[in-house]
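The listed protein sequences correspond, in order, to chains X and Y.
To convert, note that position 429 of the first sequence is 685 in my numbering; the numbers rise steadily by one, no gaps.
To convert, note that position 385 of the second sequence is 641 in my numbering; the numbers rise steadily by one, no gaps.
Some hints here could point you the wrong way.
When chains are identical, the list treats them as one kind, so a pair holds in a single copy or across two.
Capping the alpha-carbon separation at 35 angstroms, the derived lysine-lysine pairs in DSBU-like fashion look like this [stated by the list, open to error]: (1) K453 - K719; (2) K719 - K612; (3) K685 - K730; (4) K388 - K453; (5) K612 - K453; (6) K685 - K612; (7) K426 - K730; (8) K453 - K685; (9) K426 - K453.
Since the hints were made in silico from the structure, they are not lab data.
2 protein chains.
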Amino acid sequence: MNDRYAPVSETAAREREPVVWSLLLGAPDATVGLQRWLYDALRQAIVTARLPPGSALPGTRTLAQQYGLARGTVASAYEQLLSEGYLVSRRGSATRVSTQLPDPRYAAEPLTHLQATPDGRPGREAQGPWIKRLTEHESPFPLSGTTSLPRPFHPHRSDIRLFPIDVWRKLHARHLRPSRLLTLDDADPVGLPALRKAIVEHLAISRAVTVSPEQVVIVGSVQQALDLCLRLLTAPGDAVWMEDPGYVGARQIMHASGTRIVDVPIDSDGLVVEHGVREAPGAALAYVTPSRHAPLGISMSTERQTALLRWAHSHGGVIFEDDYDSEYCFRSRPLPALRSLPGAESHVVLAGTFSKLMFPSLRHAYVVLPPRLVAPFVRAASITARSASGLTQAVLADFLSEGHFDRHIRRTRTIYAARARAFEHFAQKYWHDLIRVEPIAAGLDVACHLLHIDESTALQRLKSVGIAAAPLSKYTHRHRHGPALVMGFAPFNEDETERAAQQVAAGLRNAV
Amino acid sequence: MNDRYAPVSETAAREREPVVWSLLLGAPDATVGLQRWLYDALRQAIVTARLPPGSALPGTRTLAQQYGLARGTVASAYEQLLSEGYLVSRRGSATRVSTQLPDPRYAAEPLTHLQATPDGRPGREAQGPWIKRLTEHESPFPLSGTTSLPRPFHPHRSDIRLFPIDVWRKLHARHLRPSRLLTLDDADPVGLPALRKAIVEHLAISRAVTVSPEQVVIVGSVQQALDLCLRLLTAPGDAVWMEDPGYVGARQIMHASGTRIVDVPIDSDGLVVEHGVREAPGAALAYVTPSRHAPLGISMSTERQTALLRWAHSHGGVIFEDDYDSEYCFRSRPLPALRSLPGAESHVVLAGTFSKLMFPSLRHAYVVLPPRLVAPFVRAASITARSASGLTQAVLADFLSEGHFDRHIRRTRTIYAARARAFEHFAQKYWHDLIRVEPIAAGLDVACHLLHIDESTALQRLKSVGIAAAPLSKYTHRHRHGPALVMGFAPFNEDETERAAQQVAAGLRNAV
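The whole structure should be built from the sequences, with the hints applied where relevant.
Structure below.
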């Protein structure tokens with residue numbers, strides 16, 4: 257059966273048993289191709305001296321039978337190793353491991369110690385204080401992929417079907433030319449100058465914010481900007497103000513940073529600044545969504561904005577303004593950003609993302625910094641996660657400066673306003689006795705008040721009819737609102753909304 | 257002169273003086289357009305009640321003269337504010353701030369306190385312990401942009417002129433179609449499945465590493481992967497091993513993390529593992545570049561790799577393998593990765609980047625993790641810097657799986673091998689008495705030994721003739737090598753190399 261097999265060493269003799277070969281080579285891995293797998297497994301065994309120089313290999317037929325492989329597959333792997341000098345073969349004799357390996361370093365001592373304790377000390381766990389704190393709460397983000405459009409009424413999403421993908425393709429083609437080769441070179445760590453200039457113009461027109469391009473830095477996401485600001489501005493134990501309810505991602509990264517989160521409640525004027533001032537006047541940072549509170553949808557009144565700025569001025573704190581979905585304001589023009597108030601320049605970090613307004617996988621955002629924080633922020637970004645691709649920045653700069661962005665926002669604002677009205681209409685028609693939906697003035701989603709049912713029962717029943725929503729309790733910590741569900745309306749057209757609204761009613765009435 | 261001006265309040269009366277208006281509105285900002293600037297400045301003054309409801313504005317001619325603007329510019333800004341309801345105008349009377357502002361919230365109290373202390377407490381500085389440690393050393397990365405191809409002999413760079421940009425464009429066009437709309441949707445936080453599969457195949461063939469796609473996570477850069485691993489695996493004060501000399505970016509991020517860096521020397525076999533074991537056997541992490549040491553170019557011997565793995569097994573430490581420029585091996589096939597050794601799976605984090613092999617602004621890299629670290633790593637990445645764009649991942653997956661990547665590497669490997677020989681040749685021809693260049697076996701750059709001159713003098717003289725190089729002392733901490741310069745040869749063709757080599761000789765001989 258194994259006509260060519262001739263042991264030449266004690267090791268090889270031990271390896272005569274089929275079970276030893278399967279231990280040595282492991283299980284076949286069909287995903288890389290069986291021939292490839294066998295080649296790799298044999299080469300590894302050779303270079304690590306588990307198959308020492310001079311040891312004989314089993315005949316191709318033996319190995320093929322043992323693994324259920326075609327004999328040709330084994331023969332091809334052997335041939336490749338022969339051609340590369342790992343094996344030698346003489347007529348009438350077994351194929352053996354070469355005593356003159358292609359690289360002398362391969363003549364290594366056998367890994368007997370390693371093999372004697374294949375596991376040894378178990379590898380170190382993710383046990384740093386940062387990740388320990390981070391994993392104390394459920395992740396706000398899905399940790400595995402989405403492969404389809406969002407289900408109704410998934411919150412915090414825009415409708416990617418409305419994005420002008422043809423324009424995006426043409427702009428890519430324009431930059432991917434040999435004459436534009438430098439686009440492939442390393443971009444300015446602060447961000448592409450053309451993109452920063454386009455953002456400055458956008459901020460002046462849409463957000464009443466006047467800044468110079470030197471204060472604008474391109475990042476991958478608002479989360480990244482907040483993470484870096486916490487690393488710049490805080491030490492573990494420092495107090496930070498967090499909206500309660502508020503954006504879960506922000507809360508988690510603040511918690512992970514080791515800072516002490518001060519939960520500041522929200523009322524109909526937005527953040528209750530005096531509460532924060534009373535509890536922690538010396539806080540290092542305050543996270544706010546003044547244009548449209550996430551997820552309650554409240555705009556912070558000018559009085560409160562002014563009070564917040566006064567706190568920053570008198571205590572030296574930094575305001576992190578997450579300019580979330582301020583572009584989608586359906587009843588008037590968007591409120592100016594907090595950053596546009598006089599005196600805000602040196603105390604407000606304004607962060608905004610394009611991923612929400614254009615499409616999620618874009619992963620480009622910007623941050624407007626007080627002048628003194630620009631250099632440290634760029635330093636921190638360049639050493640941790642310089643992630644914005646040069647090409648995408650160039651394309652995005654054109655998209656902004658040539659008016660495509662404004663057109664897209666104007667068009668989608670009209671569409672989302674109509675969808676908000678449709679959502680209100682069908683909510684009234686189908687759920688008026690179950691859920692109270694306030695008039696929607698802005699945003700991509702709305703906090704809807706449950707009338708006779710608690711959040712977890714509602715969620716469970718909605719899940720059974722294929723409806724997505726987020727419980728308001730997910731966003732709250734100490735200052736409870738609700739029961740309520742945060743529901744998104746923007747990604748769903750009128751038909752989709754009506755069908756889903758009927759499902760919501762059926763689900764909540766438990767009539768399915 | 258000011259025919260329509262009629263003060264209606266004490267505030268307005270005070271504002272009669274031109275100097276008050278310029279204080280109120282600030283200096284014109286031509287970069288946003290003068291009309292835009294005036295509109296924004298007036299609107300801000302109104303919404304913040306620095307111009308209270310009912311107060312009169314100066315005539316258009318007055319304001320135009322005061323700022324040196326065209327009268328039409330002022331009139332247009334006024335008209336826009338009139339049309340939006342911020343201003344009212346009656347024939348024969350001054351233009352005034354509306355008492356019925358477009359949004360009732362705008363009827364705010366004046367920001368007198370803010371203005372009384374325009375600066376107040378200075379804003380908080382970047383003073384967290386992390387950024388303080390980070391800024392203790394010079395940044396290894398340029399903090400402002402490059403606008404041209406690298407100067408000879410800038411190290412650590414490939415030649416972007418060799419990248420098949422036409423293929424890259426076609427792959428983009430393929431994915432930017434309405435039928436591929438889901439590419440715009442949020443990608444899997446772990447990375448696009450197709451890309452992870454393509455990387456698994458690449459690793460099996462090129463690096464002898466057999467892994468499943470579940471262990472592969474897409475990141476923006478190796479730096480980001482190292483930053484996240486430090487956050488997962490270490491607490492401040494923990495010991496970590498660092499190659500000395502070694503990659504400056506890695507050292508800085510390790511230092512910023514608050515860990516205690518143990519400098520492990522490099523000899524002709526690579527990392528002197530026993531030194532690390534003696535000084536800090538319980539280190540949490542060891543950063544290594546085994547395939548080709550950065551910047552010395554040494555490959556870690558199999559004995560040392562085995563010893564390193566034994567240390568990890570017996571002490572539970574994690575090996576961070578930065579698989580830097582292992583693809584560019586000119587004399588034999590690339591060495592298998594340390595991660596390919598038996599027993600490495602649970603103790604080695606393997607990280608590699610495409611930015612070096614394809615083009616710098618790509619900003620896509622991957623990390624192969626021990627199974628227990630996958631979930632925490634993905635958690636950490638998704639909350640801090642999920643930065644890899646879905647489109648680029650899809651394009652890169654095709655580029656890999658359709659063989660473009662392998663073709664590109666094969667082609668550039670041949671070219672860089674020839675350039676390495678040209679570099680050796682011209683170095684011998686023009687500098688043989690000044691700099692000793694060892695035969696170049698791999699990589700994009702080479703550490704060149706200065707014979708009769710110190711590093712800073714050499715750098716100064718080279719700079720005067722337009723030649724870039726990095727002093728080896730930049731990479732070293734406790735264990736000095738040199739004097740030497742790290743010089744890149746890959747981005748320069750034969751002619752460019754010869755011309756630059758002549759300049760090097762002239763500069764070093766101080767003959768210019």
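Here is how each hint holds up against the structure:
{"no.": "1", "hint": "K453 - K719", "in the structure": "between (45 angstroms within a copy, 32 angstroms between copies)"}
{"no.": "2", "hint": "K719 - K612", "in the structure": "within (25 angstroms within a copy, 46 angstroms between copies)"}
{"no.": "3", "hint": "K685 - K730", "in the structure": "within (28 angstroms within a copy, 71 angstroms between copies)"}
{"no.": "4", "hint": "K388 - K453", "in the structure": "between (40 angstroms within a copy, 30 angstroms between copies)"}
{"no.": "5", "hint": "K612 - K453", "in the structure": "both (20 angstroms within a copy, 28 angstroms between copies)"}
{"no.": "6", "hint": "K685 - K612", "in the structure": "within (30 angstroms within a copy, 58 angstroms between copies)"}
{"no.": "7", "hint": "K426 - K730", "in the structure": "neither (41 angstroms within a copy, 44 angstroms between copies)"}
{"no.": "8", "hint": "K453 - K685", "in the structure": "neither (47 angstroms within a copy, 48 angstroms between copies)"}
{"no.": "9", "hint": "K426 - K453", "in the structure": "both (21 angstroms within a copy, 29 angstroms between copies)"}
When the structure is compared with the earlier hints, violations turn up for hints 7 and 8 and for no others.
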